[in-house]
Every structure is written in C-alpha cells, then in structure tokens.
Amino acid sequence: MDWHFLGWLAVLLYLGAEALSIVSLLTPRGRGFASALLVAGLLLQFVDLQLRARALGSVPYRTLAGSMSLFGWLLGVAYLALLFRHRERAIGPFLIPFIVLFSAIGLLIPFHASTPRPGTQGVVFALHVTLAILGYAAFTLSFVLSLLYLIQSRQIRRAKTGVLFSRLPALEVIGRMNRTAVTIGLSSLSVSVLLGAAWARKVWSGVVDAKLLFAVFTLLVYGFLLWMDRRGWKGQRVALLSIGGFGLVIFSYTFVNLFLSRAHTFR
Amino acid sequence: MTAPNEARLLVLGWNFRTAAESVRERVAFTTEEVQEGLRGLVGQGLVSESVIVSTCHRSEIYGVARDDGVGEAVTRYVSEWRGLDASELAGAGFHRVGEDAARHLFRVAAGLDSMALGESEVLGQVRQALLVAREAGATRTVLHRLFEWALAAGKRVRSETEIGMHPLSIPAIGFELAAKVFGDLSERTILVLGAGETGSLFARHAGEAGVSDLRIANRTAERAAALVERTGGRAVSWETVASQLSEADVVVGTTSSPVPVVRREDVEAAMRHRRGKPIFFLDLAVPRDIEASVAEVYNVFLHGVNDLEEVADENRRRRAREVPRAETILEHELQKFHAWLGNLSVVPTVTDLRRRIEELRDAELARAPAAERERLKEFADALAARMLHEPLRRLKSESDPVKKLDRAEAVRHLFDLDRE
Chain F
1 MDWHFLGWLA VLLYLGAEAL SIVSLLTPRG RGFASALLVA GLLLQFVDLQ LRARALGSVP
61 YRTLAGSMSL FGWLLGVAYL ALLFRHRERA IGPFLIPFIV LFSAIGLLIP FHASTPRPGT
121 QGVVFALHVT LAILGYAAFT LSFVLSLLYL IQSRQIRRAK TGVLFSRLPA LEVIGRMNRT
181 AVTIGLSSLS VSVLLGAAWA RKVWSGVVDA KLLFAVFTLL VYGFLLWMDR RGWKGQRVAL
241 LSIGGFGLVI FSYTFVNLFL SRAHTFR
Chain U
1 MTAPNEARLL VLGWNFRTAA ESVRERVAFT TEEVQEGLRG LVGQGLVSES VIVSTCHRSE
61 IYGVARDDGV GEAVTRYVSE WRGLDASELA GAGFHRVGED AARHLFRVAA GLDSMALGES
121 EVLGQVRQAL LVAREAGATR TVLHRLFEWA LAAGKRVRSE TEIGMHPLSI PAIGFELAAK
181 VFGDLSERTI LVLGAGETGS LFARHAGEAG VSDLRIANRT AERAAALVER TGGRAVSWET
241 VASQLSEADV VVGTTSSPVP VVRREDVEAA MRHRRGKPIF FLDLAVPRDI EASVAEVYNV
301 FLHGVNDLEE VADENRRRRA REVPRAETIL EHELQKFHAW LGNLSVVPTV TDLRRRIEEL
361 RDAELARAPA AERERLKEFA DALAARMLHE PLRRLKSESD PVKKLDRAEA VRHLFDLDRE
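So the protein lines, in turn, are chains F and U. Sequential numbering of the first sequence, starting at 1, is according to this note's numbering. Sequential numbering of the second sequence, starting at 1, is according to this note's numbering.
One chain only, chain U, in its complex shape (with noise of 0.2 Å):
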C-alpha cells in the first residue's frame, strides 16, 4: 500500500499475551527511563518520533521510521539499554508496521488487548504516555495524530457499546447487586466484617464509591485500625457485630472464622429495629461467614461468592459480545486516519495545493470586468506555474522520507490544505 520511499508507522511490543512475566519486567520502563530511551531511539535517528507505552501488562514502543527494516535496530537498541539479548527480546514480542501498527494502538485504546476486556485505565495510560512523549519533545505530526485519534476512537467505543459498561471485579458486582436494593449506597453504611486481604479490597472499594458510613469489625482489633488507616471510615469492635446489624445497610463477611459470624437470630432481631428496611449481605468467607439460612429472614438478600463469579462470568461474555461492534467503529476511526495520512505524502498534497491556488484565482477573476478575465487568468496561471516550480521541485525531489513528510505538512499546514 505505500511506496517504499515513504515513511512508516511501527509498534514493537511486549505484552501479557506475547512475554512471560520475567522478559515483561525487564521491559516495564518509568517515567524517567521511557524519557531516556525515547531521547535514545530519536537521538540516534532510528525513528523520527516515537511513544513508548508502559504499563504492568504491556510496553509497547511506537515510531515513525524511513522503512520497514528498523524494527530490528530498535529491537537491538532496547536489548542493549536493557541488558537483554536481542533474540530472546525478538521472540517474546511482536512487531507491526502501518496500518496494522495503528489498527493495534486503536485497539490498546478501545480495551479490546486488555486482559480485562473493555477496562477503561488503558485510555488514561495512552493519554499519559502521549504526554511524557510530547514533552521530551518526541512526538510530532503522525504519532501526535494517531494517539490523539486513538484515544478519541477508545472514549468513542465506550460510549457507543456496552464493552466498559458490566462490571467485572467482585467488590463492584457487589455494589452493582446492592445498590439495586437501595439506590445511592453513599448515604448508606457498610459493614466489613475481616480485615485480611479480600476485606481491604472491599473496604477500598466503598471507599472509592464515596460510602460515607463505612465500618471494619476485625477480630483483632488493631488489623482494623490499620486498614481504617488506609481505606477511611472506622473501625468498630468485634463483640458489637451483632448490634451493628440494626444499622448496616450492605454487611460483607470476609473473616477466616471457621463458625458464622451472623446467625440467623442476630439478624431476626436487628430487623425488628431496622422497621422494613433491607439488609444486604454478601458472603465471600469459605466457610460461611453468615448462616445460610438468614436468607429466609424477610427483606433479607443474600449472595455467596459463587453467585458474584457467575455475574462476573456473564459479564465478561457480555462485553465479549460487543467485540464486533466496537471493531467495526475502530475500522471507521481507522480508515478516517489513513486518509488523513495517506493525505499527508506529496502527491496529493501537490494537487490540494494546485485546487487551492486555482480557488483563489477564481475568486480574484470574479471580480474583475469580463472582457478582461481571459487575459488575467492567463497571467494569474504562468505567475502561479513559476512560484510554484521550485517549491514542488524540491518537495518531490527530497529523498529523506522523514524529512518529505515534515516537509509535505508544512505546505499543509501552510496553505490551510487540511480544512474542512
């Protein structure tokens, strides 16, 4: 599709797909080292811009090269930065070049090459990686478009399809399945009964959905206090479990207790005071941490975590099941960048510029008397054949295609040859 002189669009990555974990860490770059390596890969002219995306699950290097052949020099410029050897490097990763480089960013930005597909951070670590590249002064016209269109594509699958829209981690279905019992849980109070891990990651989580009321019970007292410390809300003693049950709203039970920690009579009695109003347990503890018969308490709701895994399940298809139609809108997205691109070599540029000038001379023709236009457009046309030949000479005639594309938006952007 494009000609061998023009310049080409290349992604080299290593990802959860391609790597294992112990190429991937050598790999992950921060914020300092992917300014260093993209001072490097420029420094050295491999590419003439380039952004480096690094996350935990991927690190992807981005650039605009004179040919193909330089996935191997910037394959052999990060083994050597990074102490790896370029084979191993070579075979971990994979390697893209024009269009299938952009289709890849696309679908990066979209969530579609997330491990949870559909996840939303992605967008923001683009966004991020397109800054850090901007302000090492490594990006210019082509990555600057791309990523920008990129993440425009991303926000627009997500609007336009259910992929970001089914929860997938359990302390969210959670919530999602509560807050159908109550409306806004951020009125509410919420009672974590553990302190361990899957209790903090509950307790973070309501913290994050801006839960005003949030209690932690813990065995151990002090295991509470430490989460409070981290999470917000407070830490309640253990001995009150039972009496918090008249206030809590949403009871999540976590403990490693090998006997109930909620029996049914606790809650038959807390809902003689709570006059109607629900409670909502949900009990990921193995074994229980509240008595399964509590569910037949009236206003009562109940789930085990085998019901959340089945929601997660369910959702994870859902999501799958939109795969197509955010495809079709990044091919949309996709096609609309090519044009823009292909747009962006000489040829047509030449001709946009040559449309240009003729639309001003028509427009200065117009106005003048009609006996006289034959004889001024005459002139208008030589006057425009001679400017223009040194400049269109020189454009056609530059042999760097790095340099001919820089060149091709200036006149672009110049003459105004973009606008709608």
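Here chain F stands alone, though its shape is the one from the complex (with noise of 0.2 Å):
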C-alpha cells in the first residue's frame, strides 16, 4: 500500500465525519459516529506520515506537502482534544473543512524526497517544526472559534433563535475555548522559536530571517490578545482580534514562506 492511497482514506474519512457531525447538528438530539470516523482518519494519516519520513529519511514534513498534511493532522489532533476537554460537538462541521483542506493540499503538493539539506535532520530540528505547525493549528482553531463566537454573539443580539443559536455553545464557553486554544498556540509557537533559534545559531551562521520575524510578531499579536482578554476585551473584540491574528498566520505560512525566506523554506 502506497501512502498516496492511506492519505486520501483519511481526507475520505474526514469527509464522513463533516457529513455526520452536519446530521447531527442539524436533527434533534442527534448524535453521531463523527468522533470515531475522525479518529480512524486520523489514525491513517498518521501511518501515511510515517510512511512519508521513511522515503525522506527525514521527518516529513521538511517538504511542503509533508508539513500541509501535518498542519491538518495536528488540527484534527487539537480538535479531538478539545472536544475531550469541552464536550461541545457542534464545532465540528465548521471545523472538519479545515482538516480536508490541508490534508489534501498536502497530498496534492507533488512530494519530492530531495536530499535533506544540512540542519534538517534530528531530534531539535523535528520539535521546532512541529510545534511550529502545532502553534499555528491551534490558532486556526481559534480562527474557528472566533468566528463562530461572532456569528452567535449576533444571534443573541438579534434575538435569532433558529437552529445554530441552539446547537452552538454559549458564548461564555465559545470564550474559554478559545482562551484554551490560544494558549496551546502560544506555548508550542514560542518553543518552536526558541529551539529554532538556538538550532539555527549552531547550523548555520545567522539566526534572523524573514519568518522569524514574522512568527515573534504572530506571538505578540496573540501575547496581547491573551492580555486583553483578561483586562475586560473580553468577547467581541477578543474574537476579531484572533480573526485579524489568522490573517498573519496565514500570511507566515504562504508569502512570506514562499518569497521572503531563502534557507528557511519547507523544501
């Protein structure tokens, strides 16, 4: 079995879970299997990223395609965690887009086992990129949850009581799940950088680049949201400000990815 066709299982099981978790949101007291086909997806995924290390002889996702698929593997990883944590189901169908369009741009991507460049090999190397790509998954999450935040904040407001005004959580909770997901963002974001930059300062001779500067931005963009939040943003403005947060990430992960970091590109 090639990789190709576990990857795609995957993308097709996530699939599944959006179609279940849209039932289940949708019928009264619904309830379905869409946890247990996302796990089974995630399960697969994770036996074609293994499979992928082993042709690179590297971790995986050195390449873009590699770090695509890790990027909706570890979505799906922090999503499942939160639902344990939360018990709220009905982030799903907003969420599960999210996890397919990554895996498949990660099986879309052409996957060349080019030789590993010097530095990216080992243990501290491995950390930095998944945390990294753990980081910025966990603020796609809140990206989610912001949204959502907003689109129920209006609802109150307008007096909507239609079928997302019931099956979404309280805005109370949709808060502090974000605050949770943040926070992991936060955390792993600011090792990957400090372990980054110690990497870099032994591997190679300078330490600033282009990406660097953007990722420490992205920290004090969230940093200050993290603040502000418990100073009384509070809500609305918590949400847009993690809204606007997404916008830099995924500016990191394409432009400056692509045209303004030389050495430090997912090749």
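It is worth saying that the hints were derived from the structure and are not from the lab. All values reported here derive from a predicted model rather than from experimental measurement. Some clues are possibly wrong.
From chain F, some residues computed to sit far from chain U (all C-beta separations above 10 Å) [said to hold, decoys possible]:
{"hint": "1", "residue": "S24"}
{"hint": "2", "residue": "A40"}
{"hint": "3", "residue": "F46"}
{"hint": "4", "residue": "L51"}
{"hint": "5", "residue": "R89"}
{"hint": "6", "residue": "F94"}
{"hint": "7", "residue": "I156"}
{"hint": "8", "residue": "L168"}
{"hint": "9", "residue": "L171"}
{"hint": "10", "residue": "V173"}
{"hint": "11", "residue": "V221"}
{"hint": "12", "residue": "G223"}
{"hint": "13", "residue": "L226"}
{"hint": "14", "residue": "G232"}
{"hint": "15", "residue": "G235"}
For the chain U half of the interface with chain F, some residues (derived, Cβ under 7 Å), not all of them [unchecked claim]:
{"hint": "16", "residue": "L177"}
{"hint": "17", "residue": "K180"}
{"hint": "18", "residue": "V181"}
{"hint": "19", "residue": "F182"}
{"hint": "20", "residue": "R275"}
{"hint": "21", "residue": "N299"}
Note that the Cβ used here is the ideal one computed from N, Cα and C, for glycine as well.
From these two lone chains plus the hints, build me the complex, please.
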C-alpha cells in the first residue's frame, strides 16, 4: 500500500465525519459517530506521515506537502483534545473542512524526496517544526472559534433562535475554548521559536530571517490578545483580534514562506 | 368497521375549543369528584370501564360501552350530576367513538390538542387520570391499554419531533437567550427589578431553573420580601440597584417606574468592575426600566418585550411545522393499537387459539416415533376439537359485547396468545 492511498482514505473519512457532524447539528438531539470517523482518519493519516518519513529519510514535514499534511493532522488532534475537554460537538462541522483542506493540499502538492539540506535532521529540528505547526493549527482553531463567537453573538443580539443558535455553545463556552486554543498556540510557537533560534545558531551562521520576524510578530499579537482578554476585552474584540492574527498566520505560511525566506522554507 | 354487537370506545368532552368558560367550570372535576363520577358511570352500567381526564382546559370522559348510543346516556348522567341542562351540555361538547375516540386521546397526550401546542404538562395529567381511574377500579383491559399506549405515543412524539422544544413563555425565552451568553445559569446572579406580576413570574422561573443567586429589588421593600418568601432568593434594597450591577449577570426590569431605573452611566461604571464579564438585560417594563443606549456599551445585551414576543411567535410557528410529523407518528401508533384491539374480538382469538394448539401438537408429534405420527395426529386433533368445542361455543354465543371482550381477553391471557 502506498501512502497516497492511505492519505486519501483519511481525507475520505474526514469527509464522512463532516457529513455526520452536519447531520447531528441539524437533527434534534442528533448524535453521530463523527468523532469515531475522525479518530480513524487521524490514525490512517499518521501511518501515511510515517511512510513519508521513511521515504524521505527524515521527518516528513521538511517538505511543503508534508508540512501541510501535518498541519491538517495536528488540527484534527487539537480539535479532538478540545472536544474531549469541552464536550462541544457543534464546532465540528465548521472545523473539519479545514482539516480536509490542509490534508488534501498536502496530498496534491508534488512530493519529491529531495536530499536533506544541512540542519534538517535531528530531534531539535523535528520538535521545532512540529511545535510551530501545532501552534499554527491551534491558531486556526482559534480563528474558527472566533467566527462562531461572532455568529452566535449576532444571533443573541438579534434574538434569532434558529438551529445554529440552539446548537452552538454559549458565548462564555466559546470564549473559554478560544482561550485554551490560543494558550496552546502561543506556548508551542514560543518553544518552537526558541528551539529554532538555538538550532539555527548551531547549524547556520545567522539567526534572523523574515520567517522568524513574522513568527515573533504573531506571538506578540496573540500574547496581546490573551492579556487584553483578562483586562476586559473578553468577547467580540478578542474574537476580531484572533481573526486578524489568523490572517498573519496565513501570510507567514504562504507569502513569507514562499518569497521572503530563503534557507528557511519547506523544501 | 366494528360490528354492531362489539364493544365501543367513546369519549365525551368539553374543552377550551368547544365550551365556554361558564360550562367548563361546571364540568371541571376535583379528584374526589372524578372518583365519584367513575363509580356512578361504571356502577350504573353505562360503561364497562372509564377514565376521566379533567384539567383547567378540558374535561373528558372516556369509556367502553355496549353500543354507540351510550353517549347520550352519559351526557344525561353528567347533566343530572352537575345540575346542567342536558342539551346545553351536549351542544357545548364533542362526542367521538371508536377509532376517532382513540385518536383524540393520542392527540391530547401528544400536546396537539393543547392551547400551547406541544406542552408536556398534559402528559402528566393523562397519566394521573389513568392512576385515579385504576385506583377507583374503573379501568380494565381496553382503557388501561389505550392510555398506556397514548402516553407512550405522546413521549415518542416529543422525543422524535421538535414540537415540545422551542419555549413559548416569555421568561423561558428570556432565560434561553441569557443562557446562550453565560452557559449554565444556575451559577449566575439574577436580579429582578420589581415584585409585581411579571417580576414574580420571572422570579419563579429563575427558582425553577435552579438559579442559586436570585435577588429581588422593589421600591417598597415589603413586597420584595413577600415575593422572596414564595420564590426563594433574597430581597435587596432599592437604593443599591446601581451597585448590584457589578455582580448581577442577568437583570430583568419589570417595574412601573416612569423613569428608567438603570441608566447608562450606572452600567458603564459596573462594567469597569466586571472585567469584561457581560451583562444581559431583559426590559419588560413599559415605559422602559433600562435606558435604550445601555445596549451600546461593550459586552452588554439588551432585549425588550417585543424581541421576546417575536421569538414566541416564531417558536409557535416552529412547533406548528412539526404537527404533520407528530401526526404521522400518532397514526402509526394508532394502527398498532387498533391491531391489538381488533385481535381482542372473538374471531381472531379463536383463530389464534387454534394455531397455538396446532403448534403445541406439532411440537409433541416431533418427539414421537415416525411410524406412529399419523395416528397420534388424528387422536390429538380429535381431542383438541372435543376440548375446545364448548368453550368456543360459549365465547361466540355471548350476546353482551363487553363480556365478550372480557372473555376474549381472558382466553388470550390464559393461552398467552399475544406474545411476540
């Protein structure tokens, strides 16, 4: 069995989980097996990532394809963790499409087993990349939660008590989930940046590049968000800030990654 | 559908649709009166069994009778008992027999016949009516089964449709909105301004919802104290309302004050203490208790009575949309009930009994040596025919339909004919 097959099978399972979670969102007291399908998909994708790693002779996410795949996978894991902690299933239908999207991009981008450049092996490097991607996945989660916060808040203000109103969690709960997501994102990205800086000093001559600058900027934005959340910005403003922060994440991941950074790209 | 000499279900009723308040209050029965009525109806032999459902919106007498004409006799009985004119009583009520009577009870139990469509209180009232009748010894097989079936169907309708899901009362809607801001309201602080009718409605609802910190403020402190006696919570002084805002999560305005009680600057000051925690205002007062511009303050939610009325209307429409689905479920259950009831008459009982005996015979024959089976079968058939002849003749020749039904039921029970 080659890895493409497993990867696509995982994507198929995610689509199934999405369908089931939409059904359970719309039917009264509906409950699906969405999370079971999600878990099965994550397991398959994990095997897929392992196979890629063997083919590369390195961590699979040294390449852009692998990193996208890992992004999707970690997003799924982060969502499961959140589901386990807050028991709110209504987020699924809005989040799973992102898991599908990133995992599918990871499969569609051509995958070459290029020779590893210096410094792209070893535990520190592996941790650095994994934690960075986990951080970005957590910020994606925060982005989705913030959108849902704005939607729910609007429905409450307009006294629109439809299906979404009744199925989406209370603002307080969404806010708490968002706080969890941002905290995870902030801590993993911080550790990743520190590890990366230490590693770069060892294998490269310099440390500073565009990607690092953007990562630090992202950290500052989300740190500010958490701080203001405590100081009374709790609610809509925090949601808007988180959506803005996600724009920055996308920008770092695409534009900065492809055009501004040289040695530091996924290749 | 039913042969003339078979027992008939019937229901006679007066409800908010058919009867004026003046008639309804004369036929509203207390539990003791229900027992008295049941004893009279069954004792005089008008019906073989009976259940009376009596609530503030309806009084309904269910019975199993020998023929369709009993409806008039029951009406006469009630008119004499309650001292009402029989023709007036008949004109203000409704009368259904057979399948229509069963359908009516199913609809009542499902809340389809209620003033507030889909309300679930009626389920408890129907169950209570059955219990009272059973204690009075007024129910037997048919009504007992009919009521159990109707209760199960009513529950099924509520769990499989949304007919009971969207709240219709203003306090319930207000708290539903607030719960989407805060999550569980039981750990929150709720402040009710005003101890009048609306205020006590909200206070009672908060108490029922398990709100642990309920505060009531009223211009005259005595009335707040009196309300707290009934609903729980604690009375707080009118002068502290502005400072209460830094702790209260949900504030309900119900006073008759001519000027706003809660002003924007009070709310702005309170928000500085709340560190981003939202406040949810419900303003049911006319004129307003809460300044409209309060809604512009960050993390403040404000709804007036019109918003809540609109949701109530929308929820009524949502429940109404579920009626066809509910009716499909009821018809399905009704069919099953009628299949059971149909089996309770003589012909299917005789058929089932014969089949049962053949099953037993074949089971025994299977254990006999093959050579002797033919002879043994003849013997078994002859014996069975002799044994069944007299009981079946008596069962068929019974002229009283109610007794016939009872005997068919006894046979079904003794020979275990209704097992799956």
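In ascending order, which of the hints set out earlier in this document are inconsistent with the structure?
Per hint list: 7, 8, 9, 10, 14, 15 violated.
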